[in-house]
Structure formats: C-alpha cells, structure tokens
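J.: Listed below are the residues making up each chain.
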Amino acid sequence: MERFMNLSELQKKLIAAARLNPPSDQVPYAFEKRILALIAARATTDRWAFWTRGLWRAAVACVAVAVVSGAVSLLAPADNGDDLSQDFENTLLASVDQADNSSMP
Amino acid sequence: MERPESELITAVLKGDTASFEPLVAKYSPRVFATARRYARRESEIEDIVQEVWLKAFDKLKTFRGEAPFEHWLMRMAVRTCYDFLRGHQRNRESSFSEISDPEEDWLERFVADPGNAAEDADAAKLLIGRVLEKLSPSARLVIQLLEIEDRSVKEIAKLTGWSVPLVKVRAFRARSEMRKILARMTSDKYL
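Chains as they are written, first to last, in the working numbering: chain A, 1 to 105; chain B, 106 to 296.
Note that these hints are calculated values from the structure, not bench results.
Glycine included, C-beta positions come from ideal geometry on N, C-alpha and C.
Keep in mind that a hint or two might mislead.
Unchecked claim - Listed below are several chain B residues computed to face chain A (Cβ distance under 7 Å; list not exhaustive):
#	residue
1	V129
2	A130
3	A138
4	R142
5	N221
6	E224
7	K230
8	E252
9	V274
10	F277
11	L287
Unchecked claim - Below, simulated DMTMM-like cross-link-like pairs (lysine to aspartate or glutamate); rule was C-alpha separation at most 25 Å, straight line:
#	chain 1	residue 1	chain 2	residue 2
12	B	K166	B	E147
13	A	K33	B	E147
14	B	K166	A	D46
Could you put together the complete structure from these sequences and hints?
T.: Set out below in structure tokens:
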C-alpha cells in the first residue's frame, strides 16, 4: 500500500494541518503573581542557604583542627622534657621577668 | 501609564523585584504558546514557562538591550523547551497501533484522494501531533520552527544557539526522520 501513499504529500498535508492549528496562548489566572512569589521565596531560601553553607564549612574546619590537635597530643612523646604550658607561660611573661631582673640592684 | 521595558529591567536589576511582574504579565502568553508546541500536559507546560521566567530573572543582568527583550526571552523559551524534549524522550518508541478511528479514516481518505483529506480536520491535527512526538528532540525543534512556524535558518540559528550549517544539517535529517516515521505509520496501518 505504501506505493499508493504519497509520503511527501502526506508530510505537506500534516505540516499544513499543524500550521492551521496554532496553540493557545492562554495564561493561568494570576500566573505572574505565582512567579513573583517563587522569586521571593527563592531569595529567602538562598539567604538561609548562604548562612547554612558558611556555618557547615566553619564546623568542618573546627572539627578538622580538633582532630589534628588531638592526634598531635596523642602521638607526641609522653615526656619530652619541658612542659608545653610552662614554656608558653615563660614566653608570655618573658618581658615581665626581664623588667624585674633589670630593676634589681 | 505603562512603564517602558528598559525602565522596568533597570528597576529589577537594582533590586525592585515587583517591576518584574509587568514583564511576566506581558510576555507570558507568547511563552505559553511556545511551550504548548512542545509539551501536551498543562502541568508540564506550566513547569516549562515557570522555568523560563526564573531563568530570565536570574540572567537578566546578561540582557544588554541591543535586541528587544522579547527576542532574548524567546531564545530562552526555545532552549528550555528543547531541554524539556531531551529530558522526555521515553514515549518515542511506541507504535502507531493506538491511532483512533477518525485518524484512520482521514488516512484512508488521503490514500483514496489526497485532495479530499482536509488539513483543518481534527484527525489531521491529532496525526501531526503523534508524528511530532515520535521525532527526536532536535528534529522536532527544527520541524516546528522551520516548517510549521516558517522561520528562516538564520532565525533558528539565533533561537537555538546552533550554527547555520548545523541547522541546515539538522533540517535535512529532520525531514528524512519525519518521512521515515510517516512510512512506518502508514506501513503499520496499511501493510
């Protein structure tokens, strides 16, 4: 039967049919209000997303620092001579000690 | 008095979101008509149009005002419809066994006498809808823009972002793809 079916003619007819039936341009009621509401809602979500993302990143960084500090304190030799807190105090108060020593007769 | 488009766009870019509303109200009919050419279900059509407007809002700062806002928006609409077609290809492989009686009658009339089958018949409209749904996304877009909307190759290149030679190649392939689909449809029914 295909030999009786003129395909290019059929193609032309169907294209013409499509041209004769343009789609409707009807817009749902208050569609523009819906779009505006979506934009507003998205802006609020975006602001929260910004803060949430930032806080999560900060939390990850804090956990990483805590893990590294913990690992260092665990893996460091138990008795390595001078106490770290004592060293810190000596350094911090070095200027005071120096001042005291120089004021002595 | 209606505010000019350029003024509305400038206001939106400065943060006045409400100024976007007149633009949506003015151009939504055209965007809806475009979306209805590629999607059938009303929920899908609304999703497409919504996506077009959200993209337009996000990319508004890239609108330079050299061409009318409508052209810029329609480019976005056509590309969004193309993305939609690419994402919804699942029904293309079905057969033509579901052709209704009026469509079959129309084809019978066409076979008997091509001049006797009216183009304005509802059956012809349904048939072209079925054929378009079977086309690949690029072929459907080209047939729609070139053959049905009667746009030039240059216009299609601008709308789709494809080069002129690519549009020509795709148009050639689309026509042959459509002919193959028609051959399959008619052989399904008549052989």
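J.: Each of the hints needs a verdict: does it hold here or not?
T.: Structure-based check of each hint:
no., hint, verdict
1, V129, "holds, 4 Å"
2, A130, "holds, 4 Å"
3, A138, "holds, 4 Å"
4, R142, "holds, 5 Å"
5, N221, "violated, 11 Å"
6, E224, "holds, 4 Å"
7, K230, "holds, 5 Å"
8, E252, "holds, 5 Å"
9, V274, "violated, 19 Å"
10, F277, "violated, 14 Å"
11, L287, "holds, 5 Å"
12, B:K166 / B:E147, "violated, 30 Å"
13, A:K33 / B:E147, "holds, 18 Å"
14, B:K166 / A:D46, "holds, 18 Å"
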